[in-house]
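> Whole structure, please, built from the sequences with the hints as guidance.
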Amino acid sequence: MFYWEKHDHDNNRHCWYLVSVSRDLLGDLVLTRAWGSLGRRGNRERRYPLESRQELCKWLQLIGRQCAAKGYAIKGVGQI
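Position 75 of the sequence shown, counted from 1, bears residue number 452 in the working numbering, the numbering being contiguous throughout.
There's no promise every hint is true.
Ranges between beta-carbon positions, derived for each pair [claimed, not checked]:
id	residue 1	residue 2	range
1	H391	W436	20 to 30 Å
2	Q431	H386	38 to 48 Å
3	H386	E432	29 to 39 Å
4	N389	Q431	34 to 44 Å
5	G455	K383	14 to 24 Å
The calculated EDC-like cross-link candidates involving lysine to aspartate or glutamate, where the alpha carbons are at most 20 Å apart (straight line), are [as the list claims (entries may be wrong)]:
id	residue 1	residue 2
6	K447	E382
7	K447	E422
8	K383	E422
9	K452	D385
10	K452	E422
11	K447	D385
12	K447	D387
13	K435	D405
14	K452	E382
Simulated from the structure, these hints should not be mistaken for lab results. Think of the CB as a built atom: it goes at the ideal place given N, C-alpha and C, for glycine as much as any other residue.
Here it is as structure tokens:
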């Protein structure tokens, strides 16, 4: 699990982004991306089936770069 937050105090915007990895009922890897605003309802979530651990690494690198480019700071890392 990876967790990022972004705080824009001037515009009173506080956002979060979460990436987790799990297995489905058939044992296949699934990447879950979730995001939203802190203190608000209506969060979003998307799931992506993965073919391999290599594909997982590519996704994590891509998402990490995207979050950093948008000003998110990593706040937590859990066990995968």
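> H386 and E432, beta-carbon distance inside 29 to 39 Å?
holds, 37 Å
> Check whether the Cα positions of K383 and E422 lie no farther apart than 20 Å.
The hint holds at about 18 Å.
> With 14 to 24 Å as the target window, see if G455 and K383 comply at their CB atoms.
holds, 19 Å
> Hinted pair, alpha-carbon criterion (20 Å max): K452, E422. Please report holds or violated.
holds, 19 Å
> Decide if the proposed pair is consistent with the structure: K447 and D387, CA atoms, cutoff 20 Å inclusive.
At roughly 16 Å apart (the allowed maximum being 20 Å), D387 and K447 satisfy the hint.
> Take a quick look at whether K435 and D405 sit within 20 Å of each other, Cα to Cα.
With Cα atoms ~17 Å apart, K435 and D405 stay inside 20 Å; holds.
> Does the Cβ distance between H391 and W436 fall inside 20 to 30 Å?
holds, 25 Å
> K447 and E382 were given as a pair; does the straight-line alpha-carbon distance stay at or below 20 Å?
Holds, at roughly 10 Å.
> Need the status of pair K447, D385: alpha-carbon distance at most 20 Å?
holds, 11 Å
> Does E422 sit within 20 Å of K447, going by the straight-line distance between their CA atoms?
Within the cut-off at roughly 18 Å; holds.
> Between K452 and E382, does the CA-CA distance stay at or below 20 Å?
holds, 7 Å
> Within 38 to 48 Å: is that where the Cβ-Cβ distance between Q431 and H386 falls?
holds, 39 Å
Hint violations for this structure: none, all hints satisfied.
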